[in-house]
Amino acid sequence: MAEATMTTTPSAVAGREGSDVLLDVRNVTQEFVLRNHGGVKGGILRAVSDVSFQMRHGETLGVVGETGSGKSTLARSVLQAPPPKAGEVIFRGKDLTKLHRKELLAMRQHVQMVFQDPPASLDPKWKVTQIVEEPLLAFGYGDRAKRRARVAELLELVGLDPRLHGGRKARELSGGQCQRVAIARAIALHPELIVCDEAVSSLDVLVQAQVLNLFERLRAELGLSYLFIAHDLALVKQVSDRVLVLYLGKLCELGPADDMFKAPAHPYTLALLASVPSPDPNAGRPETNRVISGELPSPLNPPSGCRFRTRCPRAEERCAAEEPQLRFVGPGHQVACHFPLVETPVAAPTTNGTGRL
Amino acid sequence: MAVLPSDPIAAGQLGALIPPPMARRRRASWVRSLDVYIPGGFLLLLVLACFVWPVVYPVPQPVGGSILDASLGIGAPGHLLGTDTVGNDILARLLYGGRVSFEVAAATQVVGGVVGTMIGIVSTYLGGIAEAVVMRLLDVLLAIPAFILALTLLEGLGQGELNIIWALSIFFIPAFARLARAATLSLKEQTFVVAAHLTGTKRWRSIMRHIVPNVAPGLLTFALLNAGVAIIIEATLSFFGYGIPPPGPSWGNMIADGQQVMSTQPRLILVPSILLLVTVIALNTLGDGLRARWGVQ
Amino acid sequence: MVDGLQLDGAAGAPRGGTMTAARDGRGGGGPLLEVTDLHVRFRQRGRQVFAVNGLTYKIAASSTLAIIGESGSGKTVASRAIMGLLPVTAEVTGSVRYAGRELVGAKERDLRRLRTNDIAMVFQNPERSLNPTMRIGPQIAEAIRLHMDLGRKAAHERTVDLLRRVRLPSPERRYFEYPHQLSGGMRQRVMIALALSCQPKVLIADEATTALDVTTQAQIMDLLLELQAELGMALILISHDMGLAASYTEEVIVMYAGRAVEHAATKELFSNVRMPYTRALLDAIPRVDAPSHTVLPMIEGRPPDLSIRLPGCSFAPRCPDVQDDCRQAIPTLTELEDGHEFACFHPCGGGNG
Numbered sequence: 001m002a003e004a005t006m007t008t009t010p011s012a013v014a015g016r017e018g019s020d021v022l023l024d025v026r027n028v029t030q031e032f033v034l035r036n037h038g039g040v041k042g043g044i045l046r047a048v049s050d051v052s053f054q055m056r057h058g059e060t061l062g063v064v065g066e067t068g069s070g071k072s073t074l075a076r077s078v079l080q081a082p083p084p085k086a087g088e089v090i091f092r093g094k095d096l097t098k099l100h101r102k103e104l105l106a107m108r109q110h111v112q113m114v115f116q117d118p119p120a121s122l123d124p125k126w127k128v129t130q131i132v133e134e135p136l137l138a139f140g141y142g143d144r145a146k147r148r149a150r151v152a153e154l155l156e157l158v159g160l161d162p163r164l165h166g167g168r169k170a171r172e173l174s175g176g177q178c179q180r181v182a183i184a185r186a187i188a189l190h191p192e193l194i195v196c197d198e199a200v201s202s203l204d205v206l207v208q209a210q211v212l213n214l215f216e217r218l219r220a221e222l223g224l225s226y227l228f229i230a231h232d233l234a235l236v237k238q239v240s241d242r243v244l245v246l247y248l249g250k251l252c253e254l255g256p257a258d259d260m261f262k263a264p265a266h267p268y269t270l271a272l273l274a275s276v277p278s279p280d281p282n283a284g285r286p287e288t289n290r291v292i293s294g295e296l297p298s299p300l301n302p303p304s305g306c307r308f309r310t311r312c313p314r315a316e317e318r319c320a321a322e323e324p325q326l327r328f329v330g331p332g333h334q335v336a337c338h339f340p341l342v343e344t345p346v347a348a349p350t351t352n353g354t355g356r357l
Numbered sequence: 001m002a003v004l005p006s007d008p009i010a011a012g013q014l015g016a017l018i019p020p021p022m023a024r025r026r027r028a029s030w031v032r033s034l035d036v037y038i039p040g041g042f043l044l045l046l047v048l049a050c051f052v053w054p055v056v057y058p059v060p061q062p063v064g065g066s067i068l069d070a071s072l073g074i075g076a077p078g079h080l081l082g083t084d085t086v087g088n089d090i091l092a093r094l095l096y097g098g099r100v101s102f103e104v105a106a107a108t109q110v111v112g113g114v115v116g117t118m119i120g121i122v123s124t125y126l127g128g129i130a131e132a133v134v135m136r137l138l139d140v141l142l143a144i145p146a147f148i149l150a151l152t153l154l155e156g157l158g159q160g161e162l163n164i165i166w167a168l169s170i171f172f173i174p175a176f177a178r179l180a181r182a183a184t185l186s187l188k189e190q191t192f193v194v195a196a197h198l199t200g201t202k203r204w205r206s207i208m209r210h211i212v213p214n215v216a217p218g219l220l221t222f223a224l225l226n227a228g229v230a231i232i233i234e235a236t237l238s239f240f241g242y243g244i245p246p247p248g249p250s251w252g253n254m255i256a257d258g259q260q261v262m263s264t265q266p267r268l269i270l271v272p273s274i275l276l277l278v279t280v281i282a283l284n285t286l287g288d289g290l291r292a293r294w295g296v297q
Numbered sequence: 001m002v003d004g005l006q007l008d009g010a011a012g013a014p015r016g017g018t019m020t021a022a023r024d025g026r027g028g029g030g031p032l033l034e035v036t037d038l039h040v041r042f043r044q045r046g047r048q049v050f051a052v053n054g055l056t057y058k059i060a061a062s063s064t065l066a067i068i069g070e071s072g073s074g075k076t077v078a079s080r081a082i083m084g085l086l087p088v089t090a091e092v093t094g095s096v097r098y099a100g101r102e103l104v105g106a107k108e109r110d111l112r113r114l115r116t117n118d119i120a121m122v123f124q125n126p127e128r129s130l131n132p133t134m135r136i137g138p139q140i141a142e143a144i145r146l147h148m149d150l151g152r153k154a155a156h157e158r159t160v161d162l163l164r165r166v167r168l169p170s171p172e173r174r175y176f177e178y179p180h181q182l183s184g185g186m187r188q189r190v191m192i193a194l195a196l197s198c199q200p201k202v203l204i205a206d207e208a209t210t211a212l213d214v215t216t217q218a219q220i221m222d223l224l225l226e227l228q229a230e231l232g233m234a235l236i237l238i239s240h241d242m243g244l245a246a247s248y249t250e251e252v253i254v255m256y257a258g259r260a261v262e263h264a265a266t267k268e269l270f271s272n273v274r275m276p277y278t279r280a281l282l283d284a285i286p287r288v289d290a291p292s293h294t295v296l297p298m299i300e301g302r303p304p305d306l307s308i309r310l311p312g313c314s315f316a317p318r319c320p321d322v323q324d325d326c327r328q329a330i331p332t333l334t335e336l337e338d339g340h341e342f343a344c345f346h347p348c349g350g351g352n353g
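Protein chains in written order, with the working numbering: chain P, 1 to 357; chain R, 1 to 297; chain H, 1 to 353.
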């Protein structure tokens, strides 16, 4: 079996925190076979293609992308639900893709997930206390009394009243309350990593702020790491230390949130940023047409070379011929573009190309 | 901060009020529940009549009647509904025949339902080769017409109530399995089932605690509809002489016997036929009513 | 069973926004659509839900108005009431006048004609509004032929022209495609084409871009505004997104618990927020330009239960600036500053936008 200690890669480029790596995703590729009516193979959808990144303990990594970018697939691949077609997911020193079912099940207590549609992620027939107790039961936590006490403690931690809300079912709670229940369930077993897939996207602004602040509070109190997936850039910026941008299953840009949003290097990141309407009365209308054009190409038949080239105002011949490799444009800031918006600093470290660390 | 009443139709969920486009006029709740209460009550009374009446208020034996009492009319002393051509009491035969019908209906639905449902759920939830093999086998079973299948099985097993139950149970297994499979397929993708899996819930527990309770209402209404089918098949088998061996009481036997004297004594065929019809209609109505009430597709 | 109307029951007539001194629609002409003291009440299991409580606004041709609020604020219910699209359990009172004609209580037949000819709506889920078994072109052509005296061929040409106008790529080919063959953005373009097919005077976009990606949203909004200006339509944008309202409209109404709580020209409203609820909404939005892990200023609690009528301001239980009088009387929407209306006894300071 895999050793209990961390296995760091020898060629760690971002290896400045080598020993502190919580999650190391290497060249993950996920594919789905599409079938027409009658089960005939209709093509292969490569939802995530050769994505690599690392996460440190206590860090929040945001993943942004639009429909078809593969961000949710990437999250599911990390959780092995289903496992990726290729690549490694090294979590707490073990490659999850190589674990047996039982070992993987045991690993699940360290990594949990919070979903997009809060009411749907709770069994409609169960009461709140049963839902939060489920992981405790699954991992044989204490006896009945101890579990009950823990459930009450968890509900209070997420801002629910165990006596008032404990006996309710999902349909008797608001969306925000459902998400609090889901969060209580997720943190029940002291996980180290929580994958949030559009966890606040369906909530109203005021409730969203409450839940976001809850995430932040839990991060500080429990030392959690989040893999935070969302289509809303401002949301991702709010919670993330670093951000990863995906387009049609490919990693476009990865870097510190503050740097990246101030000076995006990939034209697609810029397009995303420029499209967000701002409530600032002096901001004016988003000028999307300047930074992006056309429709998303079919993910079944992605463009050659750089996948963004068909919509990129900066695209040239080279973009069609040659797939851009990840390269550094700043400290910890990588981009896969032939003509990045930020020029490469002179003394930047170089990678071996594929973004492999 | 003030604690606000958290009600599902309070602010947050108001969107739920907007469509349904054809909101029906609301009536008192008991009126809306009549589609469940009427057939349910009828079936309850009938079951009590069949199983309890002969015990607490003895009726004549359903078999071994004297030829001297043959063909008595309705209201004859000691024979409320009269007697048939060999002198057996019709009421007694109806009640004892009803026992057979209900026993067959209940037993086949329980056996077929539990076995079929578990096959459907478990194979679908686990997926892989098990799923493929099981489903192809069930396809084969489904492809054989029910009646032929039951006849063939009874040919081998011989007559008798227990054998009918086995034969019909086997017939109902694939239907339940298909339905359970369809429900499981969609439930398996539901976020709460995925969430349970990612929380570390073991597969068996997920099946028993998440899948089964959520498919149960649909399968229960399905079982009610099937119970009617089971009663008809049993009657048909008996009619053709493959079911309950005569002179044993069974609605099917009674119809078969009555057929010979249809022109002279129509009540011998009408009474069991009507009871059979009403029972099946009641089962179907109850199933439909519950289905509507539970919101099952 | 159906008992009499007893509007404005216990809590003392909450005369919502009485917009005094008509804000004359710009662009000459009187207002095209005029909503006055609109109330919508649902009856559910013997309870009443007061979904809209006295909404008043006007919109002139060629102008844009955003109605923003959270779910349950009544923004969608109010717009459906205008269209006569509410279920029979809804009781609508007040007045909605379109070009001088009263719509509240109008016959279904007249409303239907109005819906096809004058007021169109684009919804959040284009897939639910399009017939999945019909090719998109014929769906639009049918709508055109229904109200215009056009032949089959002319309707086809007009449809292709419309599809081109909403910038659906290769419209001649797309004409024969089914809704599921299009992307979400393209389906929304088709919905807009369908809405425009009858040359409406008022277009209501109810969260029309909420389900779309940001880049697509920006493209669709650009398209909507361009068509609005070109065709001289009045556009009512219903959304929860403050950014969308600020970027794309001229005038904004903020709704809370079925009431308009703030109403002003967009620039004025966003640079000079007076209503604490609007302030709270704005503060709660994460900003791209703020550093990571900023704690968001937020308010606790939930929107009120609309089946209970509070004697005071419905925002009072959550308001950071609440004072005693807020709980005793309902503040009405009044124009306290030039062109800026708000319903608040203790407005937050101006100029902190």
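Because the hints were derived from the structure by calculation, they are not lab data.
Remember, predicted model here, so these are calculated numbers, not experimental data.
Keep in mind that a hint or two might mislead.
Pair by pair, the computed Cβ-Cβ distance ranges are [said to hold, decoys possible]: (1) MET134/H - ALA216/R: 53 to 59 Å; (2) SER304/P - ASN131/H: 25 to 31 Å; (3) LYS262/P - LEU231/H: 36 to 42 Å; (4) ILE144/R - LYS107/H: 43 to 49 Å.
For lysine-lysine, the following DSSO-like pairs were computed, each having C-alpha atoms within a straight-line distance of at most 30 Å [what the hints assert, rightly or not]: (5) LYS98/P - LYS202/R; (6) LYS202/R - LYS169/P; (7) LYS169/P - LYS188/R; (8) LYS102/P - LYS85/P; (9) LYS85/P - LYS98/P; (10) LYS127/P - LYS102/P; (11) LYS98/P - LYS188/R; (12) LYS267/H - LYS262/P; (13) LYS85/P - LYS188/R; (14) LYS125/P - LYS169/P; (15) LYS94/P - LYS202/R; (16) LYS201/H - LYS267/H; (17) LYS146/P - LYS202/R; (18) LYS169/P - LYS127/P; (19) LYS262/P - LYS188/R; (20) LYS94/P - LYS127/P; (21) LYS153/H - LYS107/H; (22) LYS153/H - LYS267/H; (23) LYS202/R - LYS127/P; (24) LYS202/R - LYS102/P; (25) LYS188/R - LYS202/R; (26) LYS127/P - LYS98/P; (27) LYS146/P - LYS169/P; (28) LYS102/P - LYS146/P; (29) LYS202/R - LYS125/P; (30) LYS188/R - LYS94/P; (31) LYS202/R - LYS262/P; (32) LYS188/R - LYS127/P; (33) LYS188/R - LYS102/P; (34) LYS125/P - LYS146/P.
Virtual Cβ for every residue (Gly too), placed ideally from N, Cα, C.
Results for each hint:
1. MET134/H - ALA216/R: 53 to 59 Å: 38 Å, violated
2. SER304/P - ASN131/H: 25 to 31 Å: Once the Cβ atoms are compared, 37 Å apart, the range 25 to 31 Å for ASN131/H and SER304/P is violated.
3. LYS262/P - LEU231/H: 36 to 42 Å: The hinted range 36 to 42 Å holds for LYS262/P and LEU231/H, with Cβ atoms some 40 Å apart.
4. ILE144/R - LYS107/H: 43 to 49 Å: 58 Å, violated
5. LYS98/P - LYS202/R: Holds: LYS98/P and LYS202/R sit about 19 Å apart, inside 30 Å.
6. LYS202/R - LYS169/P: Distance of about 22 Å is within 30 Å: holds.
7. LYS169/P - LYS188/R: 20 Å, holds
8. LYS102/P - LYS85/P: 20 Å, holds
9. LYS85/P - LYS98/P: 12 Å, holds
10. LYS127/P - LYS102/P: 28 Å, holds
11. LYS98/P - LYS188/R: Given pair LYS98/P, LYS188/R holds - Cα atoms ~24 Å apart, limit 30 Å.
12. LYS267/H - LYS262/P: 26 Å, holds
13. LYS85/P - LYS188/R: 21 Å, holds
14. LYS125/P - LYS169/P: Given that 30 Å is the threshold and the Cα spacing comes to 7 Å, the pair holds.
15. LYS94/P - LYS202/R: Given pair LYS94/P, LYS202/R holds - Cα atoms ~21 Å apart, limit 30 Å.
16. LYS201/H - LYS267/H: Holds: LYS201/H and LYS267/H sit about 25 Å apart, inside 30 Å.
17. LYS146/P - LYS202/R: 21 Å, holds
18. LYS169/P - LYS127/P: 5 Å, holds
19. LYS262/P - LYS188/R: 42 Å, violated
20. LYS94/P - LYS127/P: This hinted pair is violated, its Cα atoms lying about 35 Å apart.
21. LYS153/H - LYS107/H: Given that 30 Å is the threshold and the Cα spacing comes to 33 Å, the pair is violated.
22. LYS153/H - LYS267/H: The given pair, whose Cα atoms are some 46 Å apart, is violated under the 30 Å limit.
23. LYS202/R - LYS127/P: 19 Å, holds
24. LYS202/R - LYS102/P: 9 Å, holds
25. LYS188/R - LYS202/R: Answer holds: LYS188/R to LYS202/R is near 14 Å, not above 30 Å.
26. LYS127/P - LYS98/P: 36 Å, violated
27. LYS146/P - LYS169/P: It holds: about 22 Å lies between the C-alpha atoms, which stays within 30 Å.
28. LYS102/P - LYS146/P: Since the Cα atoms of LYS102/P and LYS146/P sit roughly 25 Å apart, the hinted pair holds (cutoff 30 Å).
29. LYS202/R - LYS125/P: Satisfied, since the Cα-Cα distance of roughly 18 Å is no more than 30 Å.
30. LYS188/R - LYS94/P: Status holds; Cα separation ~28 Å.
31. LYS202/R - LYS262/P: 46 Å, violated
32. LYS188/R - LYS127/P: With a Cα-Cα distance of about 20 Å, the restraint between LYS188/R and LYS127/P holds, given a limit of 30 Å.
33. LYS188/R - LYS102/P: Satisfied, since the Cα-Cα distance of roughly 20 Å is no more than 30 Å.
34. LYS125/P - LYS146/P: Between LYS125/P and LYS146/P the Cα gap is close to 24 Å, so the pair holds against 30 Å.
Of the numbered hints given earlier, the model fails hints 1, 2, 4, 19, 20, 21, 22, 26, 31; all others are met.
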